[in-house]
Amino acid sequence: MSEISIPVSKLRKKQPRFQGIDSGHRACPGCGAALTARLVTEASGPDVMLANATGCLEVFTTPWPESAWRVPWMHSVFENAAAIAAGMESAMKAQGKNTKVIALGGDGGTFDIGFQCLSGMLERGHNVLYVCYDNEAYMNTGVQRSSSTPHAAMTTTSPPGKERMGKRHLKKDIVAIVAAHHIPYAATASVAYPSDVRKKVRRAMAVDGPTFLHIHAPCPLGWGHDGARSIEIARLAVETGMFPLIELERGGLADVMPIRNPRPVTDYLKPQQRFRHLFKDDVRAREELEHLQAIADHNIEVYGLRGERPDALDTEAADTAHRGGMRWA
Amino acid sequence: MVQVTRGGFAYPGTSLEFKTGTWRVERPFHLHRVAPCHGACPAGEDAQAYLALVEEEHFQEAWENLVSANPLPAITGRVCHHPCESACNRQYYDDPVAIHNVERYLGDRALEEDWPYPVSRPAADAPKVAVVGAGPAGLSAAYHLPRQGLAVTLFEMLPEPGGLLRTAIPAYRLPRDILNGELGRLISVGMDYRGGQRLGRDIFLDELREEYRAVFLGPGTQKSRDWSIDGATPEDLHVGLDLLKEWMAVGKIPTWESVAIVGAGNTAVDLARVLKRAGVREVHIISHKAIPAPGIPPEDTMPAIPREITQALEEGVQIHEHRGVQRLILRGERITGIEMVHMKKLPGKDGRLHRVAFEGTETLLHVDQVIPAIGQVLDPDGLEVLVDGASFLKADGWGRLPGHPDVFTGGDARGDRGTVTEAVGDGRRAALAIASYVAGEPIPEEHSSEPIPFEAMNVHYFEPAPRPREPVLPPERRMTGCAEIEQGLDKVQVVGEGHRCFSCGNCFACDNCWTLCPDTAVLKTTELARDGSHYVFDYDYCKGCGICAHECPCGFILMEPEHV
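In the order they appear, the protein sequences are chains V and Y.
1 is the number of the first residue of the first sequence in the working numbering; add one for each residue after it.
1001 is the number of the first residue of the second sequence in the working numbering; add one for each residue after it.
Rather than coming from a laboratory, the hints here were simulated on the basis of the structure.
From the three backbone atoms N, C-alpha and C, an ideal C-beta is built for every residue, glycine too.
Possibly wrong hints are sitting among the right ones.
Keeping only pairs whose Cα atoms sit at most 16 Å apart, straight-line, the calculated EDC-like set for lysine to aspartate or glutamate is [to be verified]:
id : chain 1 : residue 1 : chain 2 : residue 2
1  : Y       : K1491     : Y       : E1026
2  : V       : K270      : V       : D281
3  : V       : K14       : Y       : D1406
4  : Y       : K1345     : Y       : D1396
5  : V       : K270      : V       : E288
6  : V       : K10       : Y       : E1476
7  : V       : K14       : Y       : D1538
8  : Y       : K1276     : Y       : D1538
9  : V       : K10       : Y       : E1299
10 : V       : K13       : Y       : D1538
11 : Y       : K1289     : Y       : D1300
12 : V       : K13       : Y       : E1527
13 : Y       : K1491     : Y       : E1476
14 : V       : K93       : V       : D47
15 : Y       : K1491     : Y       : E1113
16 : V       : K10       : Y       : E1527
17 : V       : K171      : V       : E288
18 : Y       : K1394     : Y       : D1379
19 : Y       : K1019     : V       : E66
20 : Y       : K1491     : Y       : E1470
21 : Y       : K1276     : Y       : D1300
22 : V       : K270      : V       : E290
23 : V       : K93       : V       : D208
24 : Y       : K1223     : Y       : E1384
Derived contacts from chain Y toward chain V, CB cut-off under 7 Å, selection only [stated by the list, open to error]:
id : residue
25 : T1005
26 : E1055
27 : E1057
28 : S1068
29 : E1463
30 : H1550
Rough simulated footprint, nothing fancy, chain V against chain Y, three-plus residues with beta-carbon under 8 Å [said to hold, decoys possible]:
id : region
31 : 1501-1514
32 : 1531-1545
Using the sequences provided together with the hints, build the complete structure.
Following this line, the structure appears as structure tokens:
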């Protein structure tokens, strides 16, 4: 058997997938947001235009004069990704082109500062897929709390101490708010289930109208865990019920990913430093753990997440490994 | 150099200029580790490798992989005690993979479709080696030697090959047509077979050593250990193995009303089952060891294969554990019973195990016959120059005998073996040693690394699935005729077992690493990389986050500190 040498750069060009975002970007090792962008653009294909809000993703992919993107991409200011996406979509419509516009924003730029533009874009019915990568804080500027930060999580602006046990307020239910606009399709997804992400992106791409994807993306630096465990932590969020995977059509629940064996929330919270104050010997800590467990139980109940029997698309089987791979949703 | 643009824009993909690989403090690498099944197989089969081929339904390729170590899968798939399954990592998740059923299926398919063994006739001027004994050890050596380019003459004292496979394993365990089919195909490739040649009578060791470059001895243990109870034996003493052989050869054996067999190995258990089939009403096994069960330490377990013991109990054989025979009760010449006593083998002051009878626990058992099945030793006839009074041929791991560089051995004759599969492994290793000796080179080292543990797997990525149960003839249906008791699994179940295999320590191209790398630093190739996988790490960009290693289901990716 003869041996041949292939330069890696050549291999890179022969990959059986579309790469919308390439290597060399400045994301932290193990970044969930980078993985989200990779999976989303892989599933969307090349005929897209991206509108990106200020945030981790925008900053680490475009250190001028370099760019990691391989599709047309625009950044304006922090709050207006949805607005410029709406403008791009109108321009495409005027030109009679079918290129899909995807707006990308972090939780800060979507739940908080970008909320107004998002609501306007949804209400006006633009054919835009809005993808929110949710690392649950303003990570780019050094881990400040957003309305997406979970209850009791530590950030620099929700520190635990004598007065408080981390963030006082609850995580904003963005999907419910978005769904209340009666858009054709809204869904949550997680980087722990890449096939599910792909499926939801393809579903949203096929819709002519506003669609919204809320994708859970762990941040090793901000959440306080080893970069190698990003996928495991994301999976635990789903398996405990802290981050339900659901699909909504015109405001009504259409599908969920059942949890085969719900796990206690402490399994998800313990490995993360941002929750370490909850494991100290403190009555308030115990109360917060109970509160978080109650939130998870509530999610499981309200969305009907408990699996009755093993299912090929539940949390245990949706990512089962198969010889040969190439398992597209 | 990236082109600096006049405005707030950049060209696509220009981030490739920045090699984030410089950020790493540790890097991923691929390591093909030994699967526990591979490590545990006495014959050296890589079950993980052929299970992968079975999963993809490449049965002939899977069989060719299997017989690169063991040429007798249709036989071992039926009679081996499968230590591979006892070691299988899947047992810690749900059930171990039914490897022996897969092996048996492949062996049977090869027989049906006459797949050729991967061995060709050696060159006309190839060095010649003599193999004495066509039992499993000799057959294995005679198969592996031509694969090393050596010419083989295989001598066997009986007309037909097989050794104990033919003379002592009952047909309900190993059907005749399978035995004859497998051995017939094996003998016809690459070796010169001569039956009816007994060492010490028709052929002689010194002549063989002169005529051949090397000699492999697989004579087995043809002599029974001496047995008596305080000097007394039944007047018509029958030795266990001889009776078994008589049943196999003739189909009938002397029967009694009730029989006690002294011994705890496969011969004792097989003989007990054969006596039941021959019509003996009460069959007792007197064993100083215990029936295998969870909690019983291995030194105290009966050496017979556990499923044979279970089936014997189902068929009505009675096993008396931790007992010994203290006295024979005679009336004139005839045995009317035995006095049993509680007995265990315990370490003595010299550290060695001694049989200890516990006074005050004697009971009487009425039997008409007592048959010893306490083990066999080497018959030194023809081998005097090598043994000097010892009971076995003491050899090293490669089968080499000290002081006799051209003589090699394997199988039961070594004294530290007792199974077919160990003998097959001995034959293979001796063939490698002989080839090195003939070429005047040192023996190439075989891997001796630790098998990959269960903890290295990421079992989230596997779905639980139970092991299929093969049909087993119920005890009532076994007694008439000699139909095979265990009936094997069908093709769908066998492929399913290939699917249940974790592929411990070996990439099965699940795409996890390729899919989950946030930096697109894992690339896929259609060509096979040198490390045996289809993935390549792009170390120019890999930041060493470790997601690939953490999410690899089979433990193939490891992290090591970055070399500075």
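Each hint, compared with the structure:
With a C-alpha separation of about 45 Å, the suggested pair K1491(Y) and E1026(Y) falls outside the 16 Å cut-off, and the hint is violated. For the hint pairing K270(V) with D281(V), the CA-to-CA distance comes to about 14 Å; that is within 16 Å, so the pair holds. Straight-line distance between C-alpha atoms of K14(V) and D1406(Y) comes to about 56 Å, which puts the hinted pair past the 16 Å bound. Simply put, K1345(Y) and D1396(Y) have alpha-carbon atoms about 28 Å apart, too far for the 16 Å limit, and the pair is violated.
A C-alpha spacing of about 13 Å is found between K270(V) and E288(V), which places the hinted pair at or below 16 Å, so the restraint holds. Our distance criterion of 16 Å between C-alpha atoms is broken by K10(V) and E1476(Y), whose separation comes to about 68 Å. For the hint pairing K14(V) with D1538(Y), the CA-to-CA distance comes to about 14 Å; that is within 16 Å, so the pair holds. Among the hinted pairs, K1276(Y) with D1538(Y) is inconsistent with the structure: their alpha-carbon atoms are about 67 Å apart, more than 16 Å.
Between K10(V) and E1299(Y), the direct Cα distance comes to roughly 59 Å. Violation of the 16 Å bound is thereby established for this hinted pair. Annotation: proposed proximity of K13(V) to D1538(Y) holds, straight-line Cα distance about 13 Å (limit 16 Å). Of the pairs offered as hints, the one joining K1289(Y) and D1300(Y) holds, with about 5 Å between alpha carbons and a cut-off of 16 Å not exceeded. Distance check on the hinted pair: K13(V) and E1527(Y) sit about 15 Å apart at the alpha-carbon level, within 16 Å; holds.
Of the pairs offered as hints, the one joining K1491(Y) and E1476(Y) is violated, with about 28 Å between alpha carbons and a cut-off of 16 Å exceeded. Distance restraint check for K93(V) and D47(V): the Cα-Cα separation of roughly 14 Å lies within the 16 Å cut-off, and the hinted pair is therefore satisfied. Between K1491(Y) and E1113(Y) the alpha-carbon distance is near 15 Å, which keeps this suggested pair within the 16 Å criterion. Using a Cα cut-off of 16 Å, the hinted pair K10(V) and E1527(Y) holds, with the two alpha carbons roughly 13 Å apart.
For a cut-off of 16 Å, the pair hint linking K171(V) to E288(V) stands: about 14 Å separates their Cα positions. Between K1394(Y) and D1379(Y) the CA atoms are separated by roughly 14 Å; this keeps the pair inside 16 Å, and the hint holds. For the proposed pair K1019(Y) and E66(V), the alpha carbon gap of about 12 Å is at most 16 Å, so the pair holds. A threshold of 16 Å between alpha carbons decides the hint, and for K1491(Y) with E1470(Y) the separation of about 12 Å falls inside it, so the pair holds.
Under the criterion of a C-alpha separation no larger than 16 Å, the hint pairing K1276(Y) with D1300(Y) is inconsistent with the structure, at around 26 Å. Of the supplied pair hints, the one linking K270(V) and E290(V) holds, its CA atoms being roughly 14 Å apart against a limit of 16 Å. A hinted pair counts as satisfied when its Cα atoms are at most 16 Å apart, and K93(V) with D208(V) qualifies at roughly 12 Å. For a cut-off of 16 Å, the pair hint linking K1223(Y) to E1384(Y) stands: about 15 Å separates their Cα positions.
Nearest Cβ of chain V to the Cβ of T1005(Y): about 6 Å, under the 7 Å cut. The hint holds. Interface restraint check for E1055(Y): the shortest CB-CB distance to chain V comes to about 6 Å, inside 7 Å, so the restraint holds. Restraint check, E1057(Y) versus chain V: the minimum CB separation of about 12 Å is more than 7 Å; hint violated. The closest approach between the C-beta of S1068(Y) and any C-beta of chain V is roughly 16 Å, which is over the 7 Å cut-off, so the hint fails.
Satisfaction of the interface hint for E1463(Y) is found here, the shortest Cβ-Cβ separation to chain V being roughly 5 Å, below the 7 Å cut-off. Taking 7 Å as the C-beta cut-off, the interface hint given for H1550(Y) holds, the closest approach to chain V being about 4 Å. Closer than 8 Å: that is the beta-carbon criterion, and the region 1501-1514 of chain Y has 7 residues meeting it against chain V, so the requirement of 3 holds. Only when three residues or more bring their CB closer than 8 Å to a CB of chain V does the claim for the region 1531-1545 of chain Y stand; here the count is 7, and the claim holds.
Violated hints, in rising order: 1, 3, 4, 6, 8, 9, 13, 21, 27 and 28; the structure is consistent with all others.
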